[in-house]
Amino acid sequence: MEEELHKRIISQDDAISAVSRAIRRTRSGLKDPKRPAGSFIFLGPSGVGKTELSKALAEFLFGDEDALIQLDMSEYMEKHTVSRLIGSPPGYVGYEEGGQLTEAVRRKPFSVILFDEIEKAHPDVFNTLLQILEDGRLTDAQGHTVDFKNTIIIMTSNLGTRDIQKGTSIGFAARPDEKVTYEKMKERVMEELKRSFRPEFLNRIDEVIVFHSLTEEDVKKIVDLMMKRVREQLKAKDIDIELTDAAKTLLAQKGYDQALGARPLRRTIQRLVEDPLAEKILQKEFRPGQTIIVDAVDEEIVFEAPTPPETPPVELAGSSES
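Per numbering that gives the first Met the number 0, residue 0 is the first one in the sequence shown, and the count goes up by one each step.
Worth flagging that the hints you see were computed from the coordinates, not collected in a lab.
Watch out, some of these pointers could steer you wrong.
[Claimed, not checked] Label pairs and their calculated CB-CB ranges:
hint	residue 1	residue 2	range
1	E199	Q69	23 to 29 Å
2	E199	G62	44 to 50 Å
3	E74	E133	20 to 26 Å
4	R230	E64	39 to 45 Å
5	D123	R262	40 to 46 Å
6	G62	R262	23 to 29 Å
7	R194	E284	24 to 30 Å
[To be verified] Here are the computed lysine-lysine pairs in the BS3-like style, where the Cα-Cα straight-line distance is at most 30 Å:
hint	residue 1	residue 2
8	K54	K107
9	K30	K78
10	K253	K219
All C-beta atoms, glycine included, are put in the ideal place defined by N, C-alpha and C.
Whole structure, please, built from the sequences with the hints as guidance.
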């Protein structure tokens, strides 16, 4: 399982190991059969892989990334919005539509449910979550009981992000003494978590996982992952593409943000690699059989495609004129 998740998630060994252990407990029948298949809190700065790991879990466990149900908790900050999770009471607008959470799980009983930025949710949301985590079911506004026993519950939070960023250098995280730095930072984040959430809520969570900040080498590996799709698309045109280490470094630096993590990286690759590459292909600057070398010169991405040497014609025996 770890090997499959690592194909999509760079670094974050602690997170992947913790999630894998919890899932194996479930599959071996050692979990409480009344409760959801797994419940986690993912803590860490933006853009380090929390949402991506949730997507990877949905695909690995249920065969489809669409098995992820994602709810933005910033939309549930007010008391009157909480009812949207289970549906409006009879006589109110939206009663027939069902709850945004309960209806989604009723349609996809085998799913990963992601409560994004859980610290922003109204306190009443936690009462709903407590019922799910304890009983594995929820009754919607129409009186239907929805089963959560086959779901994975994931809550992400930016709590302690300031402490996580304090534990790293400006820009990318530093590797020296990273284990010591990470453990100290983890202690601070866990203290803040305990101050923000009730003990009875935290006691029902299987694992609280703190994600590492990304190093420059981590982001360069993410560049490789994102370029795999471009490489596969070019194969259909019989064109190969290779990135030099200088190009990966430049893309990593331009695509990483201290506040957003690696989130801007995909847009950076699109702007600096895919867009100019598309123009050059349409202008027939590259031909089938060529390998495009993507390099960085003077802080700019450049493209080269060495022309393969022409193979001299093979002279067939007896073909020379007498």
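Original post:
Which of the numbered hints above does this structure break?
Top reply: Checked against the structure, the hints that fail are numbers 2, 4, 5, 7, 9, while the rest are satisfied.
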